[in-house]
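*Asks:* Chains A and B, in that order, are what the protein sequence lines are. Numbering-wise (the working numbering), the first sequence opens with residue 10 and increments by one. Numbering-wise (the working numbering), the second sequence opens with residue 6 and increments by one.
Calculated from the structure, these hints are not laboratory results. Predicted model, so just to flag it, every value in this text is computed and none were measured. A virtual CB, placed ideally from N, CA and C, is assigned to each residue, including glycine. One or more of the hints may lead you astray.
What the hints assert, rightly or not - Coverage of chain B stretches by chain A, computed from C-beta distances (three or more under 8 Å per stretch; other residues unrestricted):
1. 87 to 95
2. 105 to 117
3. 208 to 220
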Amino acid sequence: MPVDTQSNANEAFLSLEISGRLDAMTAPTAEAELARAVDAGDGRLVLDLSGLDYISSAGLRILLTTAKRVARAEGRLVLFGLQPQVREVLEISGLLPIFKVAADASAAASLMEA
Amino acid sequence: MEGERDTLYLSAPVNALVEGIFRADTTIGDIRRHGDFALGTFNQLDGEMVMVDGETYQVSGAGDVRPVRDDEGSPFAVAAFFRELTRDELPAGFDSIEALFAQLADLLPSPNLMYALRIEGRFSLVRTRSVPKQENYRPLVEVTRDQPVFERQDVEGLLVGFHTPQFMSSLNVPGFHLHFLSSDRTFGGHLLNCSADRALVCVQILRRLRMDLPVSLDYLTLDFARDISGDLAEAESDRPSEAGAE
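Kindly produce the complete structure, drawing on both the sequences and the hints.
*Replies:* Have a look at this one:
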């Protein structure tokens with residue numbers, strides 16, 4: 010299971026940890042989990058990607074779909090813990106500027122509360 | 006190459022080909038300056054082009070595959086310097102080209118970007134077409150109504166292809182456009198149908214477009230007012246349209 014959902018203690022947002030591979034095999038499950046999380050967190054979502062080893066183009070699609078869902082909810086999406094492969098794919102694809110990226114969990118929480 | 010990283014190169018807009026301009030001064034060597042991964046056709050529509058790792062092959066109207074020299078000409082080619090961004094095993098097999106396209110669509114972050122796709126696998130069936138040498142001015146849709154079709158079962162090889170957004174349909178074939186080349190380089194062509202239990206899909210996102218416009222009397226004096234979308238859809242598919250079937 011690539012997605013673990015954790016409610017944040019202060020309930021200002023929802024945190025999700027995505028680990029392993031986000032690819033064509035895991036994307037459908039991840040997409041459903043992320044959609045539920047956007048709804049449950051009123052569109053305020055932090056994604057912990059520190060355990061995400063690989064993202065494929067199918068995974069990029071899921072991140073974009075989630076960002077769109079968050080935008081529709083007038084919420085906020087923050088990513089942190091980008092591993093080198095994930096950061097590189099986001100950079101080369103040109104998609105990185107679409108996302109708010111924080112250095113760590115604490116910085117992500119600050120961005121959510123800003 | 007550095008200046009053309011992640012760039013789709015079109016040697017000409019596809020609408021010229023659809024209207025029957027089957028000859029240009031562009032050579033394979035010219036195209037290789039813009040990519041090492043390409044598909045297209047040759048002057049006088051003499052077969053289908055597949056370029057892989059900088060090596061260019063012609064699938065003739067008789068179905069033969071041969072290497073192509075740099076001085077041979079092409080009226081239309083789509084190329085890129087292929088650099089794999091990510092790779093995916095398709096989650097399921099597919100029993101038709103439509104089923105393959107549906108799975109490929111799920112791999113793309115957005116339908117509004119351009120992509121190069123390199124798909125490797127052992128295919129239980131591959132159906133291709135090529136086109137025999139033509140005279141200029143015969144609309145592409147008429148040519149492809151007589152297209153020779155080839156089929157091979159249990160064949161290992163790769164699909165070279167691109168995805169182009171629908172709104173670019175006058176410049177390039179919209180949607181997915183794939184050519185096949187077998188691993189032993191004896192079989193290939195424009196993909197009409199295929200099936201496989203599994204396939205590996207390598208994706209490159211192409212964020213820029215570079216296109217040359219032909220400078221020929223035929224091209225410069227052609228009236229492009231006609232809507233070519235119906236012709237192009239029929240020419241690229243396995244089935245003639247209702248009009249084509251008449």
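*Asks:* Please go over all the hints and tell whether each is borne out by the structure.
*Replies:* Results for each hint:
no. : hint       : result
1   : 87 to 95   : holds (count 6)
2   : 105 to 117 : holds (count 6)
3   : 208 to 220 : holds (count 3)
Checked against the numbered hints given earlier, this structure breaks none of them.
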